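Asks: Next come the chains, spelled out residue by residue.
There are 2 protein chains.
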Amino acid sequence: RSLSSTNGTRPTLSSNSVLALTTGDPTVFQPFWRKMGDKSKVVIDGGELMSYFSDVGNVCWFLEPELGDAIRRLHRVVGNAVTEDRHIVVGTGSTQLFQAALYALTIPAAAGVELEPVSVVSSAPYYSSYPEVVDCLRSGLYKWGGDACSFDKDGPYIEVVNSPNNPDGTLRESVVKSGQGNVIYDLAYYWPQYTAITSAADHDIMLFTCSKCTGHAGSRIGWALVKDKDIAKKMTQYITITSIGVSKESQFRTAKIMGVICDGCQNVGSAESENFFEYARELMSKRWQKLREALQHSKCLSLFKYPRERCLFTGELNERLPAFAWLECKEGIKDCEEFLRGFDIVGRGGKAFGADPKFTRISLLCREEDFNGVIERLLAIKGIRNGN
Amino acid sequence: RSLSSTNGTRPTLSSNSVLALTTGDPTVFQPFWRKMGDKSKVVIDGGELMSYFSDVGNVCWFLEPELGDAIRRLHRVVGNAVTEDRHIVVGTGSTQLFQAALYALTIPAAAGVELEPVSVVSSAPYYSSYPEVVDCLRSGLYKWGGDACSFDKDGPYIEVVNSPNNPDGTLRESVVKSGQGNVIYDLAYYWPQYTAITSAADHDIMLFTCSKCTGHAGSRIGWALVKDKDIAKKMTQYITITSIGVSKESQFRTAKIMGVICDGCQNVGSAESENFFEYARELMSKRWQKLREALQHSKCLSLFKYPRERCLFTGELNERLPAFAWLECKEGIKDCEEFLRGFDIVGRGGKAFGADPKFTRISLLCREEDFNGVIERLLAIKGIRNGN
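Each protein sequence line maps, in turn, to chains A and B.
Sequential numbering of the first sequence, starting at 1, is according to the working numbering.
Sequential numbering of the second sequence, starting at 389, is according to the working numbering.
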């Protein structure tokens with residue numbers, strides 16, 4: 001069975017027999033964008049978008065004004081974050097913005113000052129990339145400090161709060177109680193297809209990414225909503241130093257894609273079926289239903305249960321539908337990743353997230369055929385164990 | 389006089405009266421791309437380029453195969469670099485690739501190993517961003533070591549060789565003589581519009597950028613040609629950690645733009661007038677002629693003279709036509725940057741490049757009206773000084 005179709009899509013990391021679901025490649029939403037056709041198409045002439053500069057009067061001088069406007073409109077339509085009196089900083093994915101925020105929060109005001117690296121912490125299980133990104137260059141400004149729940153040092157720290165949380169889908173608040181810390185809110189998954197929108201998030205530094213919102217991971221567009229002008233300036237400075245701005249083509253296209261989403265939600269020249277979040281929610285809902293059904297009698301694997309919440313966007317009581325399944329092994333199976341690999345399902349084991357190896361994260365944002373393959377294999381596991 | 393035209397172009401950093409030529413924003417080539425019209429246009433549908441992945445079998449898994457092919461073709465057509473048996477790594481500008489190369493050359497093979505940071509050096513005057521990029525996060529892997537000519541420490545080092553050199557347009561070779569060093573060749577300006585192509589560069593790590601080659605700075609596309617597979621893997625790893633790849637839209641468009649350039653050079657369905665490098669060379673040549681004329685009787689400012697060289701691409705004896713003018717003050721004027729600012733010309737002073745403040749770098753890649761403004765002001769300086 002080949003996973004690469006012939007109509008212009010790309011192969012996944014899966015081979016014919018092994019389903020690799022380690023990354024959250026959000027190709028699940030592709031059919032929606034195919035259906036949108038010309039509405040979501042962009043055309044760029046050879047002489048356009050050539051300059052380094054987008055908006056020289058703005059704190060973030062490389063932010064295309066159209067993208068800034070689209071981001072504000074999208075948050076207004078969805079109601080998931082406050083954008084009034086915030087600076088928008090665009091980045092090469094929210095990954096670059098996370099680093100920009102670390103830089104902005106730790107760079108000394110005066111040159112020549114030598115301080116101890118600031119500890120960066122997050123509650124386990126935490127997104128496996130945080131420690132990797134933080135310690136990558138062995139920075140003298142900051143270093144990975146591990147699980148926020150066991151952090152008890154004095155002095156400055158930075159806590160990253162990912163809510164809903166990757167990998168386990170829980171809603172999070174900061175846990176370190178101290179006056180000397182800063183918090184970065186990574187709200188990559190705070191969109192209606194994954195969770196109820198219960199209020200407009202209103203924190204000092206909030207990170208979002210196109211990958212998980214619209215499904216356009218290839219564009220590498222993230223954005224930060226930043227309350228303090230000086231922090232926004234330093235974040236912009238970091239991106240200036242490390243990449244002299246962010247792809248204009250991606251910014252231009254993301255503005256278009258966000259506009260299509262907003263038009264669809266507001267029925268501006270769109271049918272009701274063109275509400276992206278309803279489409280995406282429906283899709284996630286079906287996948288979670290299939291997954292729960294496949295595991296309901298399993299003696300080997302179990303899933304978290306999440307409460308229902310009232311969503312301000314849909315107006316309904318909504319189930320949580322995380323982008324990842326956080327599978328837990330039962331019955332004394334110690335290494336969930338290894339166990340699943342025995343059935344040709346490749347997830348990412350709990351250890352990478354600072355958690356017990358009895359957990360494994362599996363992406364639910366893959367293409368339909370890959371998802372169905374996982375379900376088949378999970379059902380096969382159940383059969384084997386039941387048969388024993 | 390307003391510098392922002394109304395037909396869709398962006399304002400420069402210049403205000404009405406001050407000409408800011410501190411950055412090398414390559415808007416000079418925009419008229420060529422406007423003229424190309426539909427040939428250089430790209431169309432991207434909403435459902436395309438959504439995945440993180442481009443080519444999972446390749447060392448650089450996020451490189452669009454079309455871009456890899458276009459890069460190889462462009463180097464073959466121009467003859468400026470060897471691409472056979474090289475790995476191509478794409479980056480968010482060559483800036484990110486420079487950092488990726490530093491990481492690849494300094495990350496210890498085993499975890500937990502603590503080494504002294506490796507010195508990164510370059511011959512003064514050096515590109516002003518090198519020290520800024522190297523020391524940005526106070527990495528424990530590497531640190532800025534200053535002018536390569538005065539570097540005399542034992543142990544490992546990395547030398548960056550920028551040739552033709554930014555800011556002064558000279559051709560460069562590595563200067564540190566030691567067995568323990570690695571060299572990164574930054575060949576951003578090794579294109580026929582700036583210099584004679586005297587041979588196909590054949591170094592272990594070579595960096596190029598779209599900004600200075602085609603003029604598309606906004607795309608933030610750079611590429612590295614890397615001989616050693618392990619180094620290419622580590623560079624890819626750095627880009628994976630810090631930005632999970634590079635904008636697919638920019639890669640897609642750059643492939644198209646490079647294709648148009650190659651077709652134009654080879655007269656594939658193109659008129660002779662559509663040879664981009666001839667167009668760009670002609671333009672740079674006119675600017676240098678005007679600049680030299682404006683300063684030929686100046687008692688305040690002088691310019692380098694460069695030798696003519698035989699160019700393998702044009703087949704002619706070609707003048708060097710650097711992207712920047714490296715102005716030197718005469719007659720006891722100590723601070724060239726300050727001196728020029730008095731005439732509303734804002735360049736970047738020698739000190740930023742590790743050189744004497746009697747020098748200032750001025751970009752020659754600006755829009756026509758800005759360039760003409762500089763010439764007028766330079767002529768005015770001459771008048772004032774002659775009149776004294």
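To be clear, the hints were calculated from the coordinates, so they are not data collected in a lab.
Because the structure is a prediction, the values reported are computed rather than measured.
Cβ atoms here follow ideal geometry from the backbone N, Cα and C, with glycine treated the same way.
Be aware that one or more of the hints could be misleading.
[What the hints assert, rightly or not] To give an idea of the chain B side of the interface with chain A (calculated C-beta under 7 Å), a few residues:
#1 V430
#2 D433
#3 T483
#4 L525
#5 S527
#6 L529
#7 T628
#8 I632
#9 E637
[Unchecked claim] Restricting the straight-line Cα-Cα distance to at most 30 Å, the calculated cross-link-like pairs of lysine-lysine (DSS-like) are:
#10 B:K678 to B:K722
#11 B:K541 to A:K234
#12 B:K427 to A:K41
#13 B:K739 to B:K722
#14 B:K531 to A:K233
#15 A:K256 to B:K644
#16 B:K423 to A:K256
#17 A:K305 to A:K177
#18 A:K143 to B:K427
#19 B:K622 to A:K234
Asks: With reference to the structure, classify each hint as holding or not holding.
Replies: A quick look at each hint next to the structure:
no.	hint	result
1	V430	holds (5 Å)
2	D433	holds (5 Å)
3	T483	holds (6 Å)
4	L525	holds (4 Å)
5	S527	holds (4 Å)
6	L529	holds (6 Å)
7	T628	violated (9 Å)
8	I632	holds (5 Å)
9	E637	holds (4 Å)
10	B:K678 to B:K722	holds (25 Å)
11	B:K541 to A:K234	violated (34 Å)
12	B:K427 to A:K41	holds (18 Å)
13	B:K739 to B:K722	holds (12 Å)
14	B:K531 to A:K233	holds (24 Å)
15	A:K256 to B:K644	holds (21 Å)
16	B:K423 to A:K256	holds (25 Å)
17	A:K305 to A:K177	holds (28 Å)
18	A:K143 to B:K427	violated (49 Å)
19	B:K622 to A:K234	holds (28 Å)
Hints 7, 11, 18 from the list above are not met by this structure, while the remaining hints are.
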